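Colleague: Chain by chain, the residues:
There are 2 protein chains.
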Amino acid sequence: MEEFNIFNLLIILTGAWVGGAAAKRLGYPAILGELVIGIILGPAILGLLETSEMISVLAEVGIILLMVYIGMEINFRDLGKASWPGLLAAIGGFVVPFGLGYYTIIYFGGTQMAAMFVAIAVGVTSLATKSRILVDLKLLNTRIAYVLMAGALISDTLALIIFAGLISFVDAGNIDTLGIMWVAGKAILFFVLTAVAGIYLLPLLGKFLTRAKIKDRTLHFTLILIIVFGFAELAELAGLHSILGAFMAGLFIRDGVFNRQISKEINDIFHDVSIGFLAPIFFVSAGFNVTLDIFQTNLLMLIAVTLVAMIGKIGGTALFYLPSGYGWREGITVGTGMNGRGAVEIIIAGIGLEMGIISAEIFSVLVFMAIFTTLTVPVFLTWTTKWLKKRGELVHQESRKGFLILGANPLGIYLAKHLDKEDFVTVVDSNREMVELAKKEGLNAVAGNILKEETMEQANAIEKGTFIALTANSEINLLAAQLANDSFYIPRKIVLMDPKESGAGVDMLDRINASSMFASKIKLDPWIYKLTSGGAQEMEVEIKEEMTTRDWIKKQKQGKDEILPLVIVNTEGRKRPFHFHDTISPGEKIIYLR
Amino acid sequence: MEEFNIFNLLIILTGAWVGGAAAKRLGYPAILGELVIGIILGPAILGLLETSEMISVLAEVGIILLMVYIGMEINFRDLGKASWPGLLAAIGGFVVPFGLGYYTIIYFGGTQMAAMFVAIAVGVTSLATKSRILVDLKLLNTRIAYVLMAGALISDTLALIIFAGLISFVDAGNIDTLGIMWVAGKAILFFVLTAVAGIYLLPLLGKFLTRAKIKDRTLHFTLILIIVFGFAELAELAGLHSILGAFMAGLFIRDGVFNRQISKEINDIFHDVSIGFLAPIFFVSAGFNVTLDIFQTNLLMLIAVTLVAMIGKIGGTALFYLPSGYGWREGITVGTGMNGRGAVEIIIAGIGLEMGIISAEIFSVLVFMAIFTTLTVPVFLTWTTKWLKKRGELVHQESRKGFLILGANPLGIYLAKHLDKEDFVTVVDSNREMVELAKKEGLNAVAGNILKEETMEQANAIEKGTFIALTANSEINLLAAQLANDSFYIPRKIVLMDPKESGAGVDMLDRINASSMFASKIKLDPWIYKLTSGGAQEMEVEIKEEMTTRDWIKKQKQGKDEILPLVIVNTEGRKRPFHFHDTISPGEKIIYLR
Numbered sequence: 001m002e003e004f005n006i007f008n009l010l011i012i013l014t015g016a017w018v019g020g021a022a023a024k025r026l027g028y029p030a031i032l033g034e035l036v037i038g039i040i041l042g043p044a045i046l047g048l049l050e051t052s053e054m055i056s057v058l059a060e061v062g063i064i065l066l067m068v069y070i071g072m073e074i075n076f077r078d079l080g081k082a083s084w085p086g087l088l089a090a091i092g093g094f095v096v097p098f099g100l101g102y103y104t105i106i107y108f109g110g111t112q113m114a115a116m117f118v119a120i121a122v123g124v125t126s127l128a129t130k131s132r133i134l135v136d137l138k139l140l141n142t143r144i145a146y147v148l149m150a151g152a153l154i155s156d157t158l159a160l161i162i163f164a165g166l167i168s169f170v171d172a173g174n175i176d177t178l179g180i181m182w183v184a185g186k187a188i189l190f191f192v193l194t195a196v197a198g199i200y201l202l203p204l205l206g207k208f209l210t211r212a213k214i215k216d217r218t219l220h221f222t223l224i225l226i227i228v229f230g231f232a233e234l235a236e237l238a239g240l241h242s243i244l245g246a247f248m249a250g251l252f253i254r255d256g257v258f259n260r261q262i263s264k265e266i267n268d269i270f271h272d273v274s275i276g277f278l279a280p281i282f283f284v285s286a287g288f289n290v291t292l293d294i295f296q297t298n299l300l301m302l303i304a305v306t307l308v309a310m311i312g313k314i315g316g317t318a319l320f321y322l323p324s325g326y327g328w329r330e331g332i333t334v335g336t337g338m339n340g341r342g343a344v345e346i347i348i349a350g351i352g353l354e355m356g357i358i359s360a361e362i363f364s365v366l367v368f369m370a371i372f373t374t375l376t377v378p379v380f381l382t383w384t385t386k387w388l389k390k391r392g393e394l395v396h397q398e399s400r401k402g403f404l405i406l407g408a409n410p411l412g413i414y415l416a417k418h419l420d421k422e423d424f425v426t427v428v429d430s431n432r433e434m435v436e437l438a439k440k441e442g443l444n445a446v447a448g449n450i451l452k453e454e455t456m457e458q459a460n461a462i463e464k465g466t467f468i469a470l471t472a473n474s475e476i477n478l479l480a481a482q483l484a485n486d487s488f489y490i491p492r493k494i495v496l497m498d499p500k501e502s503g504a505g506v507d508m509l510d511r512i513n514a515s516s517m518f519a520s521k522i523k524l525d526p527w528i529y530k531l532t533s534g535g536a537q538e539m540e541v542e543i544k545e546e547m548t549t550r551d552w553i554k555k556q557k558q559g560k561d562e563i564l565p566l567v568i569v570n571t572e573g574r575k576r577p578f579h580f581h582d583t584i585s586p587g588e589k590i591i592y593l594r
Numbered sequence: 001m002e003e004f005n006i007f008n009l010l011i012i013l014t015g016a017w018v019g020g021a022a023a024k025r026l027g028y029p030a031i032l033g034e035l036v037i038g039i040i041l042g043p044a045i046l047g048l049l050e051t052s053e054m055i056s057v058l059a060e061v062g063i064i065l066l067m068v069y070i071g072m073e074i075n076f077r078d079l080g081k082a083s084w085p086g087l088l089a090a091i092g093g094f095v096v097p098f099g100l101g102y103y104t105i106i107y108f109g110g111t112q113m114a115a116m117f118v119a120i121a122v123g124v125t126s127l128a129t130k131s132r133i134l135v136d137l138k139l140l141n142t143r144i145a146y147v148l149m150a151g152a153l154i155s156d157t158l159a160l161i162i163f164a165g166l167i168s169f170v171d172a173g174n175i176d177t178l179g180i181m182w183v184a185g186k187a188i189l190f191f192v193l194t195a196v197a198g199i200y201l202l203p204l205l206g207k208f209l210t211r212a213k214i215k216d217r218t219l220h221f222t223l224i225l226i227i228v229f230g231f232a233e234l235a236e237l238a239g240l241h242s243i244l245g246a247f248m249a250g251l252f253i254r255d256g257v258f259n260r261q262i263s264k265e266i267n268d269i270f271h272d273v274s275i276g277f278l279a280p281i282f283f284v285s286a287g288f289n290v291t292l293d294i295f296q297t298n299l300l301m302l303i304a305v306t307l308v309a310m311i312g313k314i315g316g317t318a319l320f321y322l323p324s325g326y327g328w329r330e331g332i333t334v335g336t337g338m339n340g341r342g343a344v345e346i347i348i349a350g351i352g353l354e355m356g357i358i359s360a361e362i363f364s365v366l367v368f369m370a371i372f373t374t375l376t377v378p379v380f381l382t383w384t385t386k387w388l389k390k391r392g393e394l395v396h397q398e399s400r401k402g403f404l405i406l407g408a409n410p411l412g413i414y415l416a417k418h419l420d421k422e423d424f425v426t427v428v429d430s431n432r433e434m435v436e437l438a439k440k441e442g443l444n445a446v447a448g449n450i451l452k453e454e455t456m457e458q459a460n461a462i463e464k465g466t467f468i469a470l471t472a473n474s475e476i477n478l479l480a481a482q483l484a485n486d487s488f489y490i491p492r493k494i495v496l497m498d499p500k501e502s503g504a505g506v507d508m509l510d511r512i513n514a515s516s517m518f519a520s521k522i523k524l525d526p527w528i529y530k531l532t533s534g535g536a537q538e539m540e541v542e543i544k545e546e547m548t549t550r551d552w553i554k555k556q557k558q559g560k561d562e563i564l565p566l567v568i569v570n571t572e573g574r575k576r577p578f579h580f581h582d583t584i585s586p587g588e589k590i591i592y593l594r
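Chains as they are written, first to last, in UniProt numbering: chain A, 1 to 594; chain B, 1 to 594.
Calculated from the structure, these hints are not laboratory results. Model, not experiment: these values are computed from the prediction. No false leads were mixed into what you were given.
The list treats identical chains as interchangeable, and a pair is accepted whether it falls inside one copy or across any two copies.
When the alpha-carbon atoms are kept at most 30 Å apart in a straight line, the in silico BS3-like pairs for lysine-lysine are as follows:
#1 Lys-417 - Lys-401
#2 Lys-521 - Lys-215
#3 Lys-264 - Lys-500
#4 Lys-138 - Lys-213
#5 Lys-213 - Lys-500
#6 Lys-575 - Lys-555
#7 Lys-215 - Lys-500
#8 Lys-523 - Lys-213
#9 Lys-264 - Lys-215
#10 Lys-557 - Lys-500
With the hints as extra help, turn the sequences into a complete structure.
Modeller: Listed below in C-alpha cells is the structure:
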C-alpha cells in the first residue's frame with residue numbers, strides 16, 4: 001500500500017474545502033472552487049500534487065456515488081410534469097451548442113469522437129449550480145425557475161443518453177451493420193433490464209424489507225450499494241460506462257421504494273460521502289490534468305469553444321423557447337441561467353480523457369470552458385432578470401401548488417376557505433368530528449395524525465406547495481413542519497407559534513426554513529372563540545408602500561385593537577397567507593380579523 | 001484506472017453481506033462471516049479474487065473510518081467510571097495471554113517483533129462481539145455485562161497504546177539510547193499534541209460553528225474528515241500508524257463538541273460507511289491473505305496460539321479478577337465473555353503482515369485464532385452464565401441508574417416518590433408551577449420543553465437508566481422517548497400510551513425498543529382526578545407464580561374494579577415501574593391504585 005498517501009489526501013480534502021467554501025461565499029457552486037484549487041495545487045501551477053492510483057480509486061468511487069445521488073435527486077414525476085416551455089428550453093439549450101461544439105472541434109482538426117465528447121460537454125447544463133443562485137436572486141417562485149429546473153433535468157438526462165450511445169461505440173471502432181445492431185442492442189437491453197429491475201424488482205425488495213420489519217439503516221445502505229455496483233457492472237457488460245449504471249440505480253432508489261425515513265437518511269449518506277468527501281477528490285484531481293499551455297498553444301480553440309458554448313446555449317435556448325409564447329427576452333434569461341457547466345460535464349470530459357478519446361489539451365479547454373461559463377451565470381442572470389423585472393415581464397409561478405393546512409379548527413377552516421378559491425387546499429386534523437365539519441364546508445379534509453407519514457401521504461403532501469400548521473400546540477406545529485420539510489420537501493412551511501414558545505423553537509423554524517404564521521406569536525384560543533361567537537370582524541386594507549409583514553404588524557400594534565392578519569391579496573386577486581418572511585407590495589390588500 | 005474493477009467490488013460487497021448476515025443470524029459478529037467469505041473467495045479456496053490496488057486503497061480508508069467510529073464509541077466517562085473489577089479483568093485478560101503469546105512465538109522460532117504482534121493480537125478483546133451476545137443471553141443488566149464492557153474498552157485502549165509503542169520502534173531498528181528517546185519522544189509528543197488539540201481546540205471549533213450558526217451537516221462531515229486525516233498524518237509523522245491518529249480523532253469527536261444532532265448524524269455516517277461499505281472490504285480481503293497450508297505446515301503453532309489465547313484470556317481474567325472479591329466463577333464467566341477477537345486484532349495483524357513483521361503463516365494463524373476464539377464466546381458464555389445462575393451468583397447491576405420522568409402531573413409525582421427511595425429521579429415538565437410543586441415534594445425537578453436537548457441535558461438524561469413519559473399526549477411521549485433513545489441512549493424507555501393511539505405508535509415503540517407504561521393503554525385524566533380528589537387507594541399484592549405484566553393485567557381485567565399498577569417491588573425491596581416488557585417473579589409485589 002505504498003500508494004496510500006495520507007498527506008496527499010489531507011491536502012486534497014483541505015484544498016477542496018477551502019476552494020469550495022470560497023466559491024460558495026462568492027455565490028458560485030463548490031465544484032468551481034475545487035477545480036481551481038486542483039489547477040493551483042497540481043502540475044499546472046504549484047506542482048505539489050499529481051494523480052496517483054489512490055486518488056483515482058477514491059475519485060472513481062466518488063463519481064459513482066455522486067451519480068447515484070444525482071439520480072436520486074431526479075424525480076420522475078418532475079420530469080413528467082416538465083411542461084412544454086421547460087422541454088423547449090432543454091432541447092434548444094442542448095442541441096444548438098451540441099451542434100456548434102461538434103463542428104468547432106472538427107474545424108480545429110479533432111477526431112469525430114473527440115468532437116462528440118466536446119459537443120456533449122458544451123450541451124450539458126449543470127443542475128447543482130442553479131438552485132443556490134435562484135435563491136440568491138429570489139427567483140425561486142418565478143416561471144423562469146420552474147423552466148430552468150425542468151430544463152436542467154432534461155438536459156442531464158439527454159446528455160447521459162447520448163453519452164451512453166457514444167460510449168457503446170467507442171470500443172467497437174469500425175464495424176458492420178450487424179456489429180452496430182449488436183452494440184446498440186446491448187445498450188438498449190441495459191436500459192430495459194435496469195428499468196424493469198428498478199420498476200418491478202426494487203419495490204418488491206422494499207416491500208419484503210418492510211414486511212420483514214427490517215429497519216436496519218446500515219443493512220439498507222449495504223443492499224443499495226450492492227444494487228448500485230450491480231447496475232454499474234451491468235452497464236460495463238453492456239459496453240457502457242459504470243456511471244450510467246450508478247445513475248440508473250439512483251433514479252430508481254427513491255421515495256416509496258424503501259421506508260421513507262430510511263430512504264431519506266441514505267440519501268443524506270450518499271450526499272455527504274460524495275459531495276463532502278469523495279467527489280471533491282475527483283474534481284480537485286481533474287484540475288491536476290489541466291495544462292495552462294493551452295493559453296498559448298490552443299488559445300483560439302479555447303476562445304472558440306467557450307464562445308460557442310455560451311452563444312449556443314443562450315441563443316439556442318432563446319430560439320427554441322419562442323414557440324412557448326413567453327417571448328425572446330424570457331428565453332434569453334432562461335438561457336443565461338442554463339449557461340453553467342458542472343459535475344456531469346467534468347465527469348464526461350474526465351472519462352473522455354481517461355479513454356484517450358480527447359487529448360489533455362481538449363480536456364483543459366473543457367475544464368476552463370466549465371469555469372468560464374459557470375462564472376457568467378450569476379452575473380448574466382442578475383442582468384437579465386433585472387431587465388425582465390424592469391419591463392414587468394418577470395412572471396411568478398409555483399412549481400408546487402396548493403396548501404396543506406394542519407388544524408381543522410374554526411380558524412383553520414376560515415383560512416382554508418379564503419385560500420381555496422384557486423388553489424387546492426387540504427385540511428388535516430386528528431379530530432374526526434372537526435374533519436367532518438370541514439368537509440361539510442366543502443373543503444377537502446383528511447382525518448389522521450399529521451405526525452405520521454401515512455396521513456401526510458393521504459393528504460397528498462408531496463404535491464403541495466405550502467404547509468400551514470395551525471394547531472394550538474406549537475410543538476406539534478413545528479414537528480409537523482419538520483416532517484413536511486424533511487420527508488415531503490414542501491417548499492413553504494408556515495407555523496403558528498404560541499407566545500410561550502421560546503428561542504429554540506425559532507431556531508427550528510430557521511433550520512427548516514419555515515416562517516411564523518400571522519408574523520407574530522399568537523394565542524389561538526381567543527381568536528377561535530371570537531370566530532365561533534361571531535365577535536370577529538373581517539376587514540380589508542390596501543397597502544400604499546412596500547413593507548415587510550412584520551413592519552405592518554408593528555404599525556398595527558400601536559393601535560388599541562387586537563387584530564389578526566389572515567391573507568394578503570395581490571393585485572391579480574390571488575391570496576397568500578400572511579406570515580413572517582414576506583413583503584407586501586403597493587396595491588396589495590391585507591384581509592384581517594378584528 | 002485499469003485497477004478499478006467493479007465486478008470485484010460487487011463480489012466482495014455481496015460476499016461480505018451474505019457472510020455477515022449468516023454470521024449474525026447464528027449469533028456471531030458480522031466480521032466472522034466476512035473473514036470466512038474472504039478465505040472462501042480468495043486464493044486459499046476458490047481463488048476467485050485476490051488483493052488489488054483498488055481493494056487495498058478502499059480497505060485502508062475503511063479501517064481509518066472504522067477506527068474513527070471505534071474511537072467515537074468509547075466514552076471517556078465510561079472509561080473513568082470503569083470500576084475496579086472492570087480494570088482488573090481488562091488487565092488480567094490482556095497481560096496473561098500477551099505474555100503467553102509472546103513466548104509461544106519465540107518458542108516456535110519467531111522474531112521478537114513478530115512475537116510482540118502476536119502477543120497484542122491474543123491479548124486484544126473484541127468490543128463489537130459482545131453487546132449482541134449480551135442481549136441474546138439477556139445479560140445486559142448484570143454485573144458481568146458491566147465488567148465486560150469496561151474490560152473490552154480498557155483492553156482495546158491498552159492494545160492500541162502498546163501497538164503505538166511497538167510500531168514506533170519498527171522502523172528504527174537497532175538504535176542507541178538517544179535514538180530510543182527520540183522515537184519515544186515523538187510518540188509521546190503525538191499523544192500530547194492530539195490530546196491538547198482534542199481537548200482544547202476541537203471544542204473551540206465546535207463553539208465557533210455553533211456561534212456562527214453553521215448547521216450544514218456536510219460541512220461538518222468534511223471538517224471532521226480533515227481532522228481525522230490530519231491526526232492520521234500527525235501519527236505517521238511521529239512514526240506511528242495512521243489508525244492511531246484516526247482512533248484519537250474519533251475519541252475527541254463526540255458528544256458535546258459539535259451540535260448534538262449533527263454529531264449523531266455524522267456518527268451514523270461513519271458507522272454506515274465503515275461497517276456497511278468499506279470495512280467489510282478490509283475484512284474480506286484479509287481473508288485473501290490467509291493460507292490453508294498452515295493446517296499442515298504450522299498446525300502445532302495454530303493449536304498452541306489458539307489454546308494460549310483462550311486459556312490465557314480466561315485464566316488471566318479469572319486470576320486477576322480474584323481481588324474484586326466477586327469469586328473465581330464470575331471471573332471465569334467474564335473471561336469467556338472476553339475471549340472473542342475482532343476488528344482491532346485483524347487490523348493489527350494486517351498491519352504486521354503489510355510491514356513484513358509477521359509472515360503469511362503467522363497472519364493466517366492469527367486469523368484462524370480470531371475465528372476460533374470468537375466462535376467459542378456464545379457457547380462458553382451460555383454455559384458459564386447458566387452455571388452462575390444455577391448457583392444464584394448472577395448479580396444484577398445497572399450501568400446507568402436513575403429515572404427521568406416526563407410529566408410533573410400528580411401521577412408523575414406519585415410515581416416519582418415511589419421510585420425516589422434509592423434511585424435518583426428527575427421530573428421534567430414544561431409547566432413551571434407543576435415543577436415547583438414537585439420540588440416542594442422534595443423531588444429533583446426541571447422546567448422546560450422535553451423535546452429540546454437543552455432540557456434533556458439539564459435533567460442529566462445522559463446518566464439516566466430509565467426514561468418514563470407520562471404526559472397525557474401519547475405523541476409527545478413517543479417523541480420524547482425517541483429523543484431519549486437517539487440522542488441520550490437511555491437504555492429503558494417507558495411510555496404512557498393513550499387508548500386512541502393506533503398501530504403506528506406501537507411500531508414506534510418497537511423501533512426505539514420502548515415499552516408501554518402500565519402494560520396497557522390508559523387514559524391519564526381520570527386517574528389524575530382520582531389521585532387529587534383522594535378517590536384512589538394504594539394497594540399491594542404479592543405474586544405467587546411467575547407471569548408477564550400483561551398476563552397480570554389480563555387477570556385483573558376480569559374483576560370489576562379499574563386498577564392502575566404502578567410499580568413492582570422485588571424481594572430486596574427495590575421498586576421498578578410496571579410496564580409491558582417485564583416479567584414478575586414469585587415473591588415480588590405489585591403496588592397499584594384502585
